[in-house]
Amino acid sequence: MATADLHDTVGALQIGSLFSIFLYGILTLQAHMYYQKFKDDRWQLRMLVALAWLLELGHTFCVSAEIYKATITYYGRPDKLFPFPFLGASTAVGGGIAFLAHSFFSVRVFRVLPRPWNCVGAVTFLIALVRFIGSIVLAARAVSAPGLEEYRRSVGWMAVSLLSMGAAIDIMIATSMLFYLYGQREKVLARSVRLIDRLVQYTLCTGLLPSLSAVVMVIMYSVDPDSMIWLAIYTCLAKLYSNSVLASLNARATLRSTFNDSSSAAPFGRPTRANDPSQLVVAVEMKSAVTHDGQDQMSKSYDFEHA
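Start counting the sequence shown at 1; every next residue gets the next number (the UniProt record's numbering).
None of these hints come from the bench; they were simulated from the model.
All residues carry an ideal CB built from backbone N, CA and C; glycine is no exception.
Be careful, since some hints might not be right.
To be verified - Derived CB-CB ranges, DEER-like:
#, residue 1, residue 2, range
1, R77, L126, 41 to 49 angstroms
2, C119, P85, 39 to 47 angstroms
3, G147, A168, 29 to 37 angstroms
4, L29, S154, 37 to 45 angstroms
Using the sequences and the accompanying hints, generate a full structural model.
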């Protein structure tokens, strides 16, 4: 392997692994903050956070082990780089992490959006399940493939398809929530507009990085399939998904503060929408809600965390 090739192959993979470890540190900090702030959450959510952290630990180990093999164990012997057993394992684990994240947001969409729009959540969940199964197939091929060229020839189309599916899921979830929130923005009291604007920001942020990363990976793979730049980005994708879930959960504290500030700022005696039979619910991407049924209060949307 020429020296110049190392920059786009092993070098790119090493940079990707370092950034992946950095993201794992952020995830660990977010997990610590979550367990400190939300001790009363449902046990299912607390287990979800613990499972995501443990899977990311295994993912980080597999990526680091593969980098060690390439840069230390088989240094200067590019013919020994394949197969990628640890990278194959990280692909399977990363697929599981992405499935957990997509399932979390899909269930949120299904519970929050009104019918028939909540069917978007069911559709994205099914796509996520197909994507997870495909990730297992990719992992098995990474372990058994004799070389990068053979691997790319046999399952390259599947890798592009799975990345495109992941980006499509993120876009569908974010778009459905944004349309709903903007629709509610025109119906709520003026003091709740600030809360909805904050929800729109969080909705964009939680889905933006993973979807953009998937798109960039597809582009890099199509433009330069011989390099490992796309694979370097892939080592970070799982951590972007897990961090988006933790950021979504931890953001509830800020959203509650925003809601309380908006409520306290309202003039005493201001009329509410108690006579509104729909009891307007401002659904939230962060799984909070505001209702107007005589007085503003946190709605049953919190049942997802506390029931």
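Enumerated hints in conflict with the structure, sorted upward: none
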